[in-house]
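Trainee: Residue-level listing of the chains:
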Amino acid sequence: MSALVLIPSPAGGRISLVSRGVHQGLRGRFDADGAPAAALRAVRDALAADGAGQKLAAIGVRLLFGGDGFPRAVPADDDVLRRLAALEHRAPLHLPCELEWVRACREVFPDVPVVLAFESAFFTALPERERRYGIDPAVAGALAVERRGYHGLWHEAACAAALRAWRAQNRAGTPRTLSFCWEPKPEVAGVLGRRPLAVSSGATPLAGLPGETSCGEVDPSVLLMLAQQAGCGPEQVNLLATRESGLTALVGPGTRWPDLFGPDAMAANGARGFARELAEHRFLLACGAATAALGGADLLVFSGRYAALGRQLGPRLAARLDFSAAGGQPAPGLQIVESSLELLVARRALLAARD
Amino acid sequence: MNILVFNCGSSSLKYRLLAMPQERELAGGEAQRVGPPTAEPSRIVHRSGTERSEHVVPMPDHASAFEQVMRVLRETGGGAPDAVGHRMVHGGTRFAGHALVDPATVEALEAIQGLAPLHNPPATRLVRVCRERYPDLPQVVVFDTAYHSTIPASAASYPLPRELVERWGLRKAGFHGTSHQFVAAEAASMLGIAPDSLDAVSCHLGSGGASLCAIREGRSVENTMGYSPLPGLVMSTRAGDLDPAVALRLLADAGGDGAHVENLLNRRSGVLGLSGLSADLRDVMAAAARERGRAARLDMTLQVYLWRLRQYLGAYLTLVGTPRAIIFTDTIGESLPDVRRLVCSNLGAFGVRLDFRRNAEVREGPADVAAATSAVRVLVITTNEELAIARAAWCRVVPQQGGRQAA
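Sequence lines, in order, name chains A and B.
Here the first sequence stands for residues 24 to 378, numbered as in the working numbering.
Here the second sequence stands for residues 37 to 443, numbered as in the working numbering.
Honestly, I wouldn't trust all of these hints.
[As the list claims (entries may be wrong)] Covered stretches of chain A (chain B as the covering partner; in silico rule of three or more C-beta atoms under 8 Å from a C-beta of chain B):
| no. | stretch |
| --- | --- |
| 1 | 109-120 |
| 2 | 227-236 |
| 3 | 246-258 |
| 4 | 317-329 |
Calculated directly from the structure, the hints in this document are not laboratory data.
Just so it is clear, CB atoms sit at the ideal spot from N, CA and C, and this is done for glycine as well.
Please take these sequences and the hints and turn them into a complete structure.
Mentor: What follows is the structure in structure tokens.
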């Protein structure tokens, strides 16, 4: 069974064909300028020429946000699209363009179920005390502001793998997992079994851990000051913080996480060494905070496109989380979950289409 | 040597006259309602030994409050100061340590007033007036940020474009340093170890501001506050951590009115904003207890406050690595055993075990409320920022005087 996977974004999107759990043939990118329906017609024709179109069991579309009303992947129908359209103000950058692609999928492939896989689904169980900021609930409600996670699909896969390993070892109880999703913008979640209790990200992808181009958590007063005194408006400051900060600011444009934490990069000093120190410090604090939220940590699981970097960083973090000398927990076990977002979406799409 | 310590608030001026190095209080008090007229008249509440007195006098600004305090000290015979120590909230990148006042210091203080617009300007004016009136009296400025100058660059830096960082001096400053340093020294003494071998997490939980400090080998290595006192824990009226993009959105929604957003996040958020009832956690806890679960908003306020505190505590225990102690200080940290209980319960993974019965009894320091089996001690210590300022001023002034005598 094959699934066509679409990962739309405001900057364009990625599409690929997944068959029997692996990428198969068609893989491509779209830029933001083209019309979704026209792009998808070209894909349909290419699949037909390949003979792959008839075997298509589902189309999986990754959506960043679906709110609490979508705790799992769902087939897109008119009602679902209506409900999501009503949420566009909650994710104004992503949701409108994502829905445009979903509608185009239904138009171009009318006989194939289109399944929506939400990054936010995993975090619908996040406790309210973790979601809330220390502001008047009326202000937070008016702005629809609450803390949430952005890599739910990865976390879900990582925690499922952790549970499997836990049970395979016949260990009792529920594992307390530090789920480290290492994407260009990393995210740490503290997860009890499959239930997230804490997450490092914020109301927008800007907050939390620093990324390849974004600053992560900074004193809000800093950005307010820049917006008022440095001659930049709020929008310009937001762009500086999301596109010209993080590793880009510390090392230089184009710097990626493997340049700091790859097997050959760990000894690098200078700007790269400093950036690694800064990032590792923030990662450690996030893991410590999640450990406190969980009341301890049994496993540290890396996922995301850079999961393999956990082989370098993981032992260092785990050693810092070893409190056995003080009568506390031993170092958490390490696990690396290597996959691709497309495969995760395809699996959910095929499961949801089958149900 | 008698050192007069000033702790300048936005509408108050606290003072203590201490004989050093004996650390004996000779007199102390507070000038209240300094500034524009209020419903009640300005007054100085003064104590000298066991004597208490109240002096109703107009004090339209901190300069006049200073004059009146000096007059009261003269008239009540509490003793004359030989030096003055001033508390200054923010030293910026210009002051990594405490500073002896000279004309250049005053100029530099005036240049950084904007870093703490509520606190630094009145304290800076006080330094200037004090120097004008008593030019021969040595003065030392003690910065809340100085203790945090040891926070490593990797922890203090913001990964923002370099030209902005350099031009605007953007780095974590950290606050409550005077208090964190004082209780750290007290904790080392309680544990019978040298101050420079203490690894601990200090929780300064005031009824107003609050911050945690990670301490390694007696030195600050992290603080929950940042460039400003806004981020970190949920405080009485400050929001604490907030997605910076949300702050920008608030600014855009307010039509660029930064003062409105600063006011919202610093004075109308935190416990006050969450509860809608009071800025004081004690009021919220009492009301929540009275309502017994029927006041969802109050319960949620407590949960958000404690949850943030617990996560930062875990983060800093991990950072410190081999903590000898968790220190609780200031109003909330000392007087609310339930806060300590709720935050420290189920932290056995870090080697923290509370003696719940002992903890419930303690409402002021010094006390150790950890279980006998706990590798990490949980200490309740009363902070004394004025004494800490006097100690710092003494250390700065005495070498100077020794120099004069030698000359």
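Trainee: To test your reading of the hints: which numbers does this structure violate?
Mentor: 1
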